[in-house]
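Please arrange chain B on chain A, whose structure you already have, making use of the hints.
Number of protein chains: 2
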Amino acid sequence: MAEKEVKLFGNWASTYTLRVEWALKLKGIEYEYVNEDIPFNKSEELLRLNPVTKKIPVLVHNGKPLAESLVIIEYIDDTWTKGYSIMPKDPYDRAQARFWAKFADDKCMSAMYSVSTSSGEAQQKMLQEAREAFQILEQALGSKKFFGGDQIGYLDLAITLLAFWIPILEEIVSVSMVDNENAPLLKEWFTRILDVDMIKTSLPPRDKMYELSKQRREQFFSGQI
Amino acid sequence: MAEKEVKLFGNWASTYTLRVEWALKLKGIEYEYVNEDIPFNKSEELLRLNPVTKKIPVLVHNGKPLAESLVIIEYIDDTWTKGYSIMPKDPYDRAQARFWAKFADDKCMSAMYSVSTSSGEAQQKMLQEAREAFQILEQALGSKKFFGGDQIGYLDLAITLLAFWIPILEEIVSVSMVDNENAPLLKEWFTRILDVDMIKTSLPPRDKMYELSKQRREQFFSGQI
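Residue numbers (our numbering), protein chains in the order written: chain A, 222 to 446; chain B, 222 to 446.
These aren't lab readings, by the way, just hints derived from the structure by calculation.
Keep in mind that a hint or two might mislead.
[Stated by the list, open to error] Per the computed footprint, the stretches of chain A lying under chain B, defined by three or more beta-carbons under 8 Å from a beta-carbon of chain B, are:
#1 228 to 238
#2 287 to 299
[Claimed, not checked] Using 30 Å as the maximum straight-line C-alpha spacing, the simulated DSBU-like pairs for lysine-lysine come out as follows:
#3 B:K246 - B:K429
#4 A:K225 - B:K323
#5 B:K310 - A:K310
#6 A:K275 - B:K429
Glycine included, each C-beta is placed from N, C-alpha and C at the ideal position.
Isolated chain A, as found in the complex:
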């Protein structure tokens, strides 16, 4: 069988990889998936394809490699222009989607991570920052069904990992980052996005991720990582 035109190097537990998989699925693009054993046993091929950051996901299209999940999503939408539109069509809306995706990556992801790797007073401070960040992120959603409007788009793909991870981490560290008090619309979107068929059927098993994250938190506090 001929090699597929599109190849994706990722990891089964990586929600960054999933961002790209969802974009490929929305476009109906067939691809070959290569699971990488991260972080300690990366393949020679991955290191050759992405010598700069050495990270997954990497998309290879007709032999040409691309890294950074959000960059790859835009590339997919730019290259397979027919069918589903992932990026908003209007330049202003497109810019806003990029702005919020950056805000989510810079502020929300790191806030979520800080809360889950801290304790005591430091955690309370981080928690307050996280709650504020999510309250701000909610503004990009407003009363829409999805961040993309009536259908999911770039920003939904970018931040679905929050919908998946936050409830798990809230349970592990016994705090509330997104709730009806600070971000009710965002909380509803969490439920709505996780119920989209393509998302629901592709996320890694919740119980497995819960256990892995709990272990990582313990290793973190015992200084093993």
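Chain B alone, transformed into the frame defined by chain A:
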């Protein structure tokens, strides 16, 4: 006189603001410039226009505000489609430009900042990381005249601030981050880009920035900032 269609909120010493100004100039777009007194005396209007990050630059086009310099550059190229092309036309080249701009912002800027706000052994470690990051960044240039090819493009606008700041900071902290040993082509590009008329005539005065940065370093070490 009627209010201009395009308004830019920035600061005279901000090379992030300059990124946007250069994009506007390349497109030949007239704009009104509003200097913001950052970080301690931001205008009410700026806070209203960018309540999320409260940062400059903010571009207002027909009353609609946009923040984040790289997002704004793409918006400008997307909106004023005639004339000078800032983004590469080919989707793969466009994705690569975005990838490298992210690498420069995430790795090179922070490495440069870390070197200039550290000392002793910690600084030596940071310096090694910085030199490696610049060596990697040089790969995106290769033997081209500019990162955009024969003419300056998105990535040139994104990283010109390195060409301006690195020699100043190297002088202040007496180290070498970019030289003929680790990144000769990048070093040549520094000279070449700073000699482009539009760039040369818009940068803030070097001696003033040198003094300001020196003061900030002293304040940093005395714990005042």
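>> So if I understand the rule, the pair passes when the alpha-carbon distance is 30 Å or less; does K275 (chain A) with K429 (chain B) pass?
In response: violated, 40 Å
> Do three or more residues of the stretch 228 to 238 of chain A come closer than 8 Å to chain B, measuring C-beta to C-beta?
Replying inline: violated (count 0)
>> Can you tell me if the stretch 287 to 299 of chain A counts as covered by chain B, using C-beta to C-beta distances under 8 Å and a minimum of three residues?
In response: As far as the stretch 287 to 299 of chain A goes, the hint holds, because 8 residues have Cβ atoms under 8 Å from chain B.
>> Check whether the Cα positions of K225 (chain A) and K323 (chain B) lie no farther apart than 30 Å.
In response: holds, 29 Å
>> What's the verdict on K246 (chain B) and K429 (chain B), does the C-alpha distance respect the 30 Å limit or exceed it?
In response: Between K246 (chain B) and K429 (chain B) the Cα gap is close to 24 Å, so the pair holds against 30 Å.
> Is the hinted pair K310 (chain B) and K310 (chain A) satisfied, with a Cα-Cα distance of at most 30 Å?
Replying inline: holds, 17 Å
The structure shown violates the earlier hints numbered 1 and 6.
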